[in-house]
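Asker: Spelled out from the first residue to the last, the chains are:
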Amino acid sequence: AQSVAQPEDQVNVAEGNPLTVKCTYSVSGNPYLFWYVQYPNRGLQFLLKYITGDNLVKGSYGFEAEFNKSQTSFHLKKPSALVSDSALYFCAVRGSRSNDYKLSFGAGTTVTVRA
Amino acid sequence: KAGVTQTPRYLIKTRGQQVTLSCSPISGHRSVSWYQQTPGQGLQFLFEYFSETQRNKGNFPGRFSGRQFSNSRSEMNVSTLELGDSALYLCASSLADGSYNEQFFGPGTRLTVL
Chain R
40 AQSVAQPEDQ VNVAEGNPLT VKCTYSVSGN PYLFWYVQYP NRGLQFLLKY
90 ITGDNLVKGS YGFEAEFNKS QTSFHLKKPS ALVSDSALYF CAVRGSRSND
140 YKLSFGAGTT VTVRA
Chain B
136 KAGVTQTPRY LIKTRGQQVT LSCSPISGHR SVSWYQQTPG QGLQFLFEYF
186 SETQRNKGNF PGRFSGRQFS NSRSEMNVST LELGDSALYL CASSLADGSY
236 NEQFFGPGTR LTVL
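Just so you know, the sequences run in chain order R and B. In the working numbering, each residue carries its 1-based index in the first sequence increased by 39. In the working numbering, each residue carries its 1-based index in the second sequence increased by 135.
Derived from the structure by calculation, the hints contain no laboratory data. All figures in this text were calculated on a predicted structure; none of them were measured in a lab. A hint or two may mislead.
To be verified - Okay, the calculated beta carbon distance ranges per label pair:
id, chain 1, residue 1, chain 2, residue 2, range
1, R, Glu105, B, Ile147, 20 to 26 Å
2, R, Ser109, B, Tyr145, 42 to 48 Å
3, B, Gly175, R, Pro57, 37 to 43 Å
4, B, Leu230, R, Pro118, 38 to 44 Å
5, R, Glu47, B, Ser214, 49 to 55 Å
6, R, Val122, B, Leu218, 33 to 39 Å
7, B, Leu249, R, Leu95, 44 to 50 Å
8, R, Glu105, B, Phe204, 36 to 42 Å
9, R, Ser67, B, Gly197, 23 to 29 Å
10, R, Ser109, B, Thr149, 50 to 56 Å
11, R, Ser65, B, Pro143, 25 to 31 Å
12, R, Tyr100, B, Phe195, 16 to 22 Å
13, R, Gly68, B, Ile147, 28 to 34 Å
14, R, Lys116, B, Arg150, 24 to 30 Å
Claimed, not checked - In silico lysine-lysine, BS3-like type, Cα no more than 30 Å apart, as pairs:
id, chain 1, residue 1, chain 2, residue 2
15, R, Lys116, R, Lys88
16, B, Lys148, R, Lys108
17, R, Lys61, R, Lys88
18, B, Lys192, R, Lys61
19, R, Lys61, R, Lys108
20, R, Lys88, B, Lys148
21, R, Lys97, R, Lys61
22, R, Lys108, R, Lys88
23, R, Lys108, R, Lys97
As the list claims (entries may be wrong) - Here are some, though not all, of the chain B residues that point toward chain R, as calculated from beta-carbon distances under 10 Å:
id, residue
24, Val139
25, His164
26, Gly177
27, Thr188
28, Phe195
29, Ala231
30, Tyr235
31, Glu237
32, Pro242
Glycine residues also receive a C-beta, built at the ideal position from the N, C-alpha and C atoms.
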């Protein structure tokens, strides 16, 4: 069975400071990893994904994520956070095998960026 | 290109009733997945349809069912509603087969069971 852990319920940073949201995963075979963001009363918006290749993935709105196979991690990062980045962030994993096709989400991390 | 649409956006039902939620995927997308989001359980996978066939199913009771039509539109049905079914139900579509495709989510249907 596949699973995702987001160890921090909340992350608080000052505007202009680096932002990191942590994610670790467990899956059989090769992982397909995703980050989504959810604003209040909205659906989820896709930020970025890792399928294969370069371990550093760049996505929307200046976000990037680093895949680390040995640590089974896929942390989301932004060099300089904005107040508008305040939202709920979800990490998700999907396996490459047919019995792992469902997308499993972490519990989510609430990011608050203070001005 | 229009995004994923879900109807209705809000729904209030009473225990024991049944409900049908609708989802129209992005044009050209053939895979549709459904999720339940609650404060306590987070995002939980319900089922996924591809080309009118259920391909994956989560750990929900048989009261939760779904189907997909030939135009890729999907519906999910919940029968004999319980208070615990109150949640945001999200539909997501993706382009094709292949677990590496990202999913695009609709705004959700907020179901309240009284």
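Asker: Now tell me if each hint is right for this structure.
Answerer: Cross-check of the supplied hints:
Here the CB-CB span from glutamate 105(R) to isoleucine 147(B) is close to 44 Å, at odds with the stated 20 to 26 Å. At roughly 46 Å, the beta carbons of serine 109(R) and tyrosine 145(B) sit within the given window of 42 to 48 Å. For glycine 175(B) and proline 57(R), the Cβ-Cβ distance of about 31 Å falls outside the hinted range of 37 to 43 Å, so the restraint is violated. One distance hint, 38 to 44 Å for the beta-carbon pair leucine 230(B) and proline 118(R), is violated here, with the actual separation near 31 Å.
Between glutamate 47(R) and serine 214(B) the Cβ separation comes to about 38 Å, which falls outside the hinted range of 49 to 55 Å. Between valine 122(R) and leucine 218(B) the beta carbons are some 37 Å apart, a value that agrees with the proposed interval 33 to 39 Å. Checked against the given bound of 44 to 50 Å, the beta carbons of leucine 249(B) and leucine 95(R), roughly 49 Å apart, stay inside it. At roughly 41 Å, the beta carbons of glutamate 105(R) and phenylalanine 204(B) sit within the given window of 36 to 42 Å.
Here the CB-CB span from serine 67(R) to glycine 197(B) is close to 27 Å, well matched to the stated 23 to 29 Å. Taking 50 to 56 Å as the suggested C-beta distance range, the pair serine 109(R) and threonine 149(B) conforms, at roughly 52 Å. In this structure the supplied range 25 to 31 Å is violated for serine 65(R) paired with proline 143(B), their Cβ-Cβ distance being about 37 Å. Here the CB-CB span from tyrosine 100(R) to phenylalanine 195(B) is close to 33 Å, at odds with the stated 16 to 22 Å.
In this structure the supplied range 28 to 34 Å is violated for glycine 68(R) paired with isoleucine 147(B), their Cβ-Cβ distance being about 43 Å. The hinted range of 24 to 30 Å is not satisfied by lysine 116(R) and arginine 150(B), whose Cβ atoms lie roughly 45 Å apart. Of the pairs offered as hints, the one joining lysine 116(R) and lysine 88(R) holds, with about 13 Å between alpha carbons and a cut-off of 30 Å not exceeded. Among the hinted pairs, lysine 148(B) with lysine 108(R) is inconsistent with the structure: their alpha-carbon atoms are about 46 Å apart, more than 30 Å.
For the given pair, lysine 61(R) sits about 15 Å from lysine 88(R) by alpha-carbon distance, which is consistent with the 30 Å threshold. A distance of roughly 28 Å separates the Cα atoms of lysine 192(B) and lysine 61(R); the hinted pair therefore holds under the 30 Å criterion. Restraint check for lysine 61(R) and lysine 108(R): satisfied, since their Cα atoms lie roughly 14 Å apart, inside the 30 Å limit. Of the pairs offered as hints, the one joining lysine 88(R) and lysine 148(B) is violated, with about 37 Å between alpha carbons and a cut-off of 30 Å exceeded.
Among the hinted pairs, lysine 97(R) with lysine 61(R) is consistent with the structure: their alpha-carbon atoms are about 16 Å apart, no more than 30 Å. As the CA atoms of lysine 108(R) and lysine 88(R) are separated by approximately 15 Å, the hinted pair is consistent with the 30 Å bound. Taking the CA atoms of lysine 108(R) and lysine 97(R), the gap is near 17 Å; set against the 30 Å cutoff, the hint holds. A hinted interface residue such as valine 139(B) counts as satisfied when its beta carbon comes closer than 10 Å to some beta carbon of chain R; here the least separation is about 7 Å, so the hint holds.
The beta carbon of histidine 164(B) comes no nearer than 13 Å to any beta carbon in chain R, farther than 10 Å, and the hint placing it at the interface is violated. The criterion of a C-beta within 10 Å of any C-beta in chain R is met by glycine 177(B), whose closest approach is roughly 5 Å, and the hint holds. For threonine 188(B), the interface hint is violated, the least distance from its beta-carbon to any beta-carbon of chain R being 13 Å, above 10 Å. Among the interface hints, the one on phenylalanine 195(B) is violated; its C-beta lies about 12 Å from the nearest C-beta in chain R, farther than the 10 Å criterion.
Of the supplied interface hints, the one on alanine 231(B) is violated, with its beta-carbon coming no nearer than about 13 Å to a beta-carbon of chain R, more than 10 Å. Evaluation of the tyrosine 235(B) hint against chain R yields a held restraint, the C-beta minimum of about 5 Å falling below 10 Å. A least Cβ separation of about 5 Å between glutamate 237(B) and chain R falls short of the 10 Å threshold, and the interface hint therefore holds. Contact between proline 242(B) and chain R, as hinted, is supported at the beta carbon level, the nearest pair being about 5 Å apart and thus within 10 Å.
Consistency note: the structure conflicts with the earlier hints numbered 1, 3, 4, 5, 11, 12, 13, 14, 16, 20, 25, 27, 28, 29.
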